[in-house]
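Undergrad: Chain A is already provided as a structure; the job is to place chain B on it using the hints.
The chain contents come next:
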Amino acid sequence: MKKKKVGLAGNNVLLLITVLLFIGMYVIGCIIYANKGFGHFQTFLNILITNAGLICVACGMTCVMLTGGIDISVGSLIAMDCMILAVAMGRQGLPCIPTVMLVLVIGIVFGLVQGYLVGYLGIQPFIVTMAGMFFGRGMTAVICTDQVSITQQENAMFYSWANAKITLPAFLGYTNNKGKTMVPFIRPTVLIALVVVVAIWFMLKYTKFGRSLYAIGGNEQTARMLGLNVRRTKLLAYVLSSFLCSIGGVLYCLNTMAGSVQQAKGFEMDAIASSVIGGTLLTGGVGNVLGSLVGVLINGTITTLVNSNGKLLSSWANIATAALLCFFIILQSIFAKLKDGRK
Amino acid sequence: MKNIQKITRMKLFFPLFCLLLVLLINVVKDPGFFQISVKNGVLYGRLIDVLNRGSEVAILAVGQTLVVAVSAGTDISVGSVMSLSACFTTMLLAGYGVNTTTTIVMPMALGLLAGILMGGLCGAFNGALVSKLRIQPMVATLILFTAARAIGLLLCNNQITYIRYEPYKYLGNFIPGCPIPTPIFVTIVVIVIIMLVLKKSALGTFIQSVGINSRAARLLGINSDFLCFLCYVICGLCAGVAGMIASSRIYCADSNNIGLNYEMDAILAVALGGNSLAGGRFNMAGSIIGAYTIQAITTTLLAMGVSTDQAPVVKAIIVILIVVVQSPVFKSWVETKKNRRRAEIKEAV
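Protein sequences, first through last, are from chains A and B.
Residue numbers for the first sequence follow our numbering, beginning at 1 and rising by one.
Residue numbers for the second sequence follow our numbering, beginning at 344 and rising by one.
Looking at chain A on its own, in the form it has when it is part of the complex:
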């Protein structure tokens, strides 16, 4: 019992650092960019709106990383999803719901192939998902090489989904300089993303599958000896990741309303960074989707900070995320060394 407490304490420290970092960054942003409206509640909601897709993807990524694997195909899969949605609805005029279903099914199939290769054939997850990454990006170009957008005329239903507003109580808003009250709002995408977070959190905590993910990441050999079906669990983890990634792709598409080959480049980096910043260990066995949610928020705050400045090049956001990922990886490795020392 005592040992367990020590382990949890170490992980909580990582999560605590993350939460403090987020609050610190946000407060600094509020102070520096106060005149640009950084302090408004809507800015925070905008971070959620723009990153709804990333939240879903990060949840899937966390599940895969819990088993000690990784999935770097997510960015390309999102690009492929967006392109399929855009071409099917924008060019072919297909109805909305079947297309979304199709995209979700494609995600599951994609995950099945990757999961089979990783789980049953025992190939390194990185090699498999890297091939998946290039395959996805390439397929996007095979489907269409132009930038395709979805407009209101082409698909009114999808358009209405994308532009639906859910207003929050007015007292959270502010009065702009013309004397008009700006009521804060979120989009339905945010709700879907939050539902995904809660569902995955529940799954990881209270279902057999969720606990097996932790067990396999902790020690694969032990998990197998205790009678867990390691191969099938791994397969399902990749299916779950690709499925959540496809949901994320639909949410992402609702945000951009377009498909292009270059879309969502570096998304895998953002998702991995969010998970790692949120306290998921790269070696597996330790992690929490709520942490990943905070990781996504940190990621979004960095981008918002860079954009608020206006003068900085957008590549600074990439560099900052990479630096943060590097910092947290080093932190993790130090924690791991300390733990080893304690033993």
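Any given hint could be a false lead.
Unchecked claim - Straight-line alpha carbon distances no greater than 27 Å define the calculated DSSO-like cross-link-like pairs of lysine-lysine that follow: (1) A:339 - A:205; (2) B:354 - B:543; (3) B:475 - A:337; (4) B:349 - B:674; (5) A:339 - B:475; (6) B:354 - B:681.
To be verified - Partner residues aside, some chain B positions facing chain A, computed with beta carbon under 10 Å: (7) 364; (8) 365; (9) 367; (10) 386; (11) 417; (12) 419; (13) 475; (14) 477; (15) 501; (16) 614; (17) 649; (18) 657; (19) 663; (20) 666.
Honestly, the hints are just simulated from the structure, not real lab data.
No residue lacks a Cβ here, since even glycine has one placed at the ideal position from N, Cα and C.
TA: Chain B in isolation, oriented as in the chain A frame:
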């Protein structure tokens, strides 16, 4: 029958077989594939094109082979590092923020050297993360995979820097009076240096022993951490050289496009060369043949009208096929099939 088995068991059989297969497909499709002609005093032809364009992949494959052998992981940042070192060199030569220039502000050799060293620095960063902090190679290199291009954009002030200075084009194109493209010479030089180091010193053997069992190697007195670090630095330097060639070809540094998808090609070259991606024993010659096979595939695809954006699909499928064939599960499945057939034959007798 025994002779055939002897040939198929040779180390270089698989890579050579793949190369010949690709060449054969090309010859059937286009009989003029092997034609080499001289135009304007330089050599022209598909074969020359493959050798020329394959230089970057071959150089990257040399570095990648060492990394795979020593750490059982791959360096996925090589493409981005190529672009970063190219951006660094053009920034030094043209000056910060200059869009296009016909004169250079510092000696060209110095600029090129700085670019290559920049690659080495990136390699050192990766190496430190992998060897000292024991982070999985692919996660460690993922950091530079995204960040290096972004840093390159910063160095170039978010624009494409053109250097319209004649000698700068020599490295990636032709030296006046010489009919053979310069990148071929550069590749030969890199390969010869690495081969000499590996063969004349015990480095090659040390790298293999670290890759097979790094703890055992350390107990034998090999500094396995340092060797791992060194391999990443060499890989970074190779990426730097490849970046110089790629930048010189188009006499500019386009941060978003230089070295795009090259990490895939490099890893594919290593796998095609008959090397196990699980580390340990390596076969440099196989990797180099693998690299030219990849280039031949790329050239074939481009000649067939497949766009550069679409080509990765085919390569991804090839990678998966190779790793599936290499996987222990598949191998044991083949073994059991063979054994069963043997047993059946015995029973029949």
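Undergrad: All hints are to be evaluated individually against the structure, with a verdict given for each.
TA: Structure-based check of all given hints:
1. A:339 - A:205: holds, 24 Å
2. B:354 - B:543: Since the Cα atoms of residue 354 of chain B and residue 543 of chain B sit roughly 21 Å apart, the hinted pair holds (cutoff 27 Å).
3. B:475 - A:337: Status holds; Cα separation ~11 Å.
4. B:349 - B:674: Between residue 349 of chain B and residue 674 of chain B the Cα gap is close to 19 Å, so the pair holds against 27 Å.
5. A:339 - B:475: At roughly 17 Å apart (the allowed maximum being 27 Å), residue 475 of chain B and residue 339 of chain A satisfy the hint.
6. B:354 - B:681: holds, 22 Å
7. 364: violated, 20 Å
8. 365: violated, 19 Å
9. 367: Violated, about 25 Å.
10. 386: This hint is violated: residue 386 of chain B lies away from chain A, its Cβ roughly 32 Å from the closest one there, beyond 10 Å.
11. 417: holds, 7 Å
12. 419: holds, 7 Å
13. 475: With a minimum Cβ separation of about 9 Å from chain A (threshold 10 Å), the hint on residue 475 of chain B holds.
14. 477: holds, 6 Å
15. 501: holds, 5 Å
16. 614: holds, 8 Å
17. 649: Because about 9 Å separates residue 649 of chain B from the closest Cβ in chain A, which is inside the 10 Å limit, the hint holds.
18. 657: Status holds, d = 8 Å.
19. 663: Residue 663 of chain B check passes; min Cβ-Cβ to chain A is 5 Å, inside 10 Å.
20. 666: holds, 5 Å
Checked against the numbered hints given earlier, this structure breaks hints 7, 8, 9 and 10; the rest are met.
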